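**Q** One letter stands for each residue in the lines below.
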Amino acid sequence: MDFGLNEQQEMMQKLARDFLTSEYTDKVLKAMVKDEKGYTPELWKKMTGMNLMGLSIPEEYGGVGDFLDLIIVLEEMGRVCFLGPYFATLVLGVPIILEAGNDEQKRKYLTGIAEGKITITLAVTESMVKYEADEIRSNAVSQGGYYILNGTKMFVPDALAADYIICAAITNGIQESQAGITLFVVDINTPGITVKPLQTIAGDKQYEVVFNNVKTSAKDILGSVNGGWLHIGKVLQRANIGRCAEMVGMAQQALKLTLDYAKERIAFGHPIGAFQSIQHRCADMLVDVDGARFATYQAAWKINQGMEASKEVAIAKAFVSQACRRVMNSAHQIHGAIGFTEDHILHYYTKRTRAYEFSFGGIDYHLERLAKLHR
Amino acid sequence: MDFAFSPEEEAFRNEVAAFLEKEVPLEYREKRLTFFDMSAQHDWIQVHRRMAGKMGEKGWLSIHWPREYSGQGVSPFYRLILREELARYHSPGYDSIGCGIVAPALLLKGNDAQKKRHLPGIASGKVMWCETLSEPNHGSDLAAIEVFAREEADCFIVNGQKIWTTNGHFADWNALIARTDREASPNYRGLTFFLLDMKTPGITVNPVVNIAGHHEFNEVFFEDVSIPKENIVGDLNKGWYVVMSLLDYERTTDTVYAIAATYLSDLAEYARENDLLNPVVERRFAELEAECEIAHLLHYRVTWMQSKGMVPNYESAMSKMYSFELHQRISEFGMEVAGPFSQLTADSDKAPMFGRIPSCYLRSFGYSLEQGTSEIDRDVIAQRGLGLPRLR
Ligand SMILES: Cc1cc2nc3c(=O)[nH]c(=O)nc-3n(C[C@H](O)[C@H](O)[C@H](O)COP(=O)(O)OP(=O)(O)OC[C@H]3O[C@@H](n4cnc5c(N)ncnc54)[C@H](O)[C@@H]3O)c2cc1C
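Line by line, the protein sequences are chains A and B.
Mind the numbering: the first sequence is residues 6 to 380 in my numbering, read in order.
Mind the numbering: the second sequence is residues 928 to 1319 in my numbering, read in order.
Hints are computed from structural coordinates only; laboratory data are not their basis.
Since this is a predicted model, take the numbers as computed values, not measurements.
Glycine included, every Cβ here is placed at the ideal spot set by N, Cα and C.
Treat the hints with caution; some may be incorrect.
Derived, one-sided and incomplete: chain B residues facing chain A with beta-carbon distance under 7 Å [to be verified]:
no. : residue
1   : SER1067
2   : TRP1091
3   : VAL1135
4   : VAL1136
5   : GLY1161
6   : ASP1162
7   : PHE1212
8   : ALA1265
9   : GLY1266
10  : THR1272
11  : SER1275
12  : PRO1285
13  : GLY1293
14  : GLU1302
15  : ILE1303
Under 7 Å between C-beta atoms, here's a sample of chain A residues computed to sit facing chain B [as the list claims (entries may be wrong)]:
no. : residue
16  : TYR66
17  : GLY197
18  : VAL200
19  : THR205
20  : SER335
21  : GLN338
22  : GLY341
23  : GLU347
No farther apart than 27 Å at their CA atoms in a straight line, the calculated lysine-lysine pairs in the BS3-like style are these [what the hints assert, rightly or not]:
no. : chain 1 : residue 1 : chain 2 : residue 2
24  : B       : LYS958    : A       : LYS42
25  : A       : LYS19     : A       : LYS377
26  : A       : LYS201    : B       : LYS1043
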């Protein structure tokens, strides 16, 4: 067993941390939350220059590293509350294309992504937000060499910043089954696609995407017709663990902000960190951060090894979400009224962890899956 | 033992309810606004003033005061009933600082002239108050505050900064605690309590926006602000005792258990209407409902003590802490009830309950801080209530 990072992972972590600390300041974060797309091409260029865009993409397409490297970078991104289509492209787009795409698709998309030229997002869930095959109502009807796509997708991340969107739709006409779902990768500017921003508390660029008679070529199918859900099921595991990694970074940063403050804020002649009720809260925060981190790493490691990880993923997402709530609640409590203001950076973390808790299934969803494993 | 309201009290409740049924704007009831974040509503202050004025005319805001000060000398349960109904009808109109804190403090510690000068304005619902206790460097440790009031021949001159002043941007008058003796030891013996007209030259009020995006509190700067000597409540350098009695009231005035219980039942209705109930969710609703009952009882005990002329001690800290933290738990639970949709703000046409859920949730982070933090409340319960030894 080994709970540590290897040399390459450590290097990756330091590289990402140094870069993000200097480039992604609180000021940048505040601006990005207000920004329409939530990222700038300049930042993207710099990230490409550092090979960040190639993480977990095979070398033959210009990539480097594996899923664990990606997880380590995502944790660093969490620390600065990073926004932008990095997660959507690397965690959602890449694995599906890698697994389901044909040679031509892989060359086009994976190379493009590694070169920083292509961004992708994924549209799965709909109005029920269940992240299950049986909720899919979007459908695609074959017409000559084309398919006509119709439907509405909810809570699609970074759709406005994405060049392409992977959409899961029914192609056999039968609802409520996994067996008739096909994946299409479509240029987001195709006529008939409307991207509507959802106003969320975190301002984290989630969208409703409407497909209205979108004409897409049969060549844009990823994998086999009616065989798409298999890939979705797998990518949802990665997506949840990717979110966990970001949340771990956010919890870690909230703890850091809190400790810094607890040492410097004076009340009754002492730093508030000297009061035992504050110390105990901080200690509990550390238990949560450590527990959350190792639950995430364990699941990520299993996925990276190609092992079955349903249980570990469910445990990680449920625990990390709950741990984040506790950590953020304590961070706010210890900050007193200053942490309750819009100017302070803390609430950006609080709001984002709530958004990520919901993303790809909330606490109850994952606990239910865990319970079902024992039935 | 008797856990029922008297027939007279029930009659008063019905009268209040009938009034609110008629007077509360429909929009406030439809949106199910809660006391703590209705200030986000664009017309909040107008509605507040109108409702306060009408309740003032009826004598309800001062109903439990002694008869000589325009009260009806009834038990404080009448105030509690009024506020419970206001919560149930999603209505503003009760100035919890003026009616809830300043008036009781004046009744207890003010001189006759001060009572005659200020109580009628509060009772009428026309004069709004704020309280400036906290400073950027001193919150929980109130005795350490630095804003200084210098004594001159006929007045005091105040300089310095206060912060977190709720309603400072609306208030006509201000309850101010300032240092008048820098050498005093212990430091709380150098504080004086003043009543300050907010129209006095030299006062600047700047907004501070909270994490829910609402403008409720402010920072307040004093630059050579003059206060006449007759505006000292209690005695020079004895302000601490006024503040302590004021804080005892502060912990009992907001009927937070009722606000929380109303929000919980609003959530339950939303869940029922949208088919979101399942055994797990129902159990959580039931647990929280039980806790609401406990919060009611803890608060009723305090009001009962007050009605018997007993002085609540740890009991009010307990009631305050429990109901505020419960409201926090309910607000957090609200974010689960509607799932991912609960992160949508009021700007979104897909937001459940008009965006109330995230607004209540984010506002709730203040509950365990305002009116004294939960840590301080637990200290009070442990040390004053249980007699445990203190380190300091
Ligand atoms: C919504 C809201 C409205 C408010 N309205 C007003 C108002 O109208 N007027 C006004 O004057 N003030 C107001 N306040 C300020 C409020 O009274 C203070 O926030 C509160 O007293 C805490 O002070 P602080 O924020 O400076 O935190 P601090 O006192 O700096 O405390 C920071 C942390 O340390 C903890 N701590 C401090 N001392 C101890 C101890 N001895 N043992 C253990 N833990 C300790 C606290 O509990 C807290 O967790 C308001 C605050 C809020 C959030």
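**Q** Could you run down the list of hints and mark each one as holding or not?
**A** Now the hints, each set against the structure:
1. SER1067: holds (5 Å)
2. TRP1091: holds (5 Å)
3. VAL1135: holds (6 Å)
4. VAL1136: holds (4 Å)
5. GLY1161: violated (24 Å)
6. ASP1162: Result: violated, 25 Å to nearest chain A Cβ.
7. PHE1212: violated (14 Å)
8. ALA1265: Violated, because the Cβ-Cβ distance from ALA1265 (chain B) to chain A comes to roughly 10 Å (cut-off 7 Å).
9. GLY1266: Hint holds; GLY1266 (chain B) Cβ to chain A Cβ min 6 Å, cut 7 Å.
10. THR1272: Where the cut-off is 7 Å and the nearest Cβ of chain A is about 5 Å from THR1272 (chain B), the hint holds.
11. SER1275: holds (4 Å)
12. PRO1285: It holds, given that the least Cβ distance between PRO1285 (chain B) and chain A is near 5 Å, below 7 Å.
13. GLY1293: The hint holds - GLY1293 (chain B) has a Cβ within 7 Å of chain A, the shortest such distance being about 5 Å.
14. GLU1302: holds (5 Å)
15. ILE1303: violated (10 Å)
16. TYR66: violated (33 Å)
17. GLY197: violated (21 Å)
18. VAL200: violated (15 Å)
19. THR205: Hint holds; THR205 (chain A) Cβ to chain B Cβ min 5 Å, cut 7 Å.
20. SER335: Where the cut-off is 7 Å and the nearest Cβ of chain B is about 10 Å from SER335 (chain A), the hint is violated.
21. GLN338: holds (6 Å)
22. GLY341: Since chain B brings a Cβ to about 6 Å from GLY341 (chain A), closer than 7 Å, the hint holds.
23. GLU347: holds (4 Å)
24. B:LYS958 - A:LYS42: Between LYS958 (chain B) and LYS42 (chain A) the Cα gap is close to 31 Å, so the pair fails against 27 Å, i.e. violated.
25. A:LYS19 - A:LYS377: This hinted pair is violated, its Cα atoms lying about 40 Å apart.
26. A:LYS201 - B:LYS1043: violated (60 Å)
Going through the hint list in order, the structure does not satisfy hints 5, 6, 7, 8, 15, 16, 17, 18, 20, 24, 25, 26.
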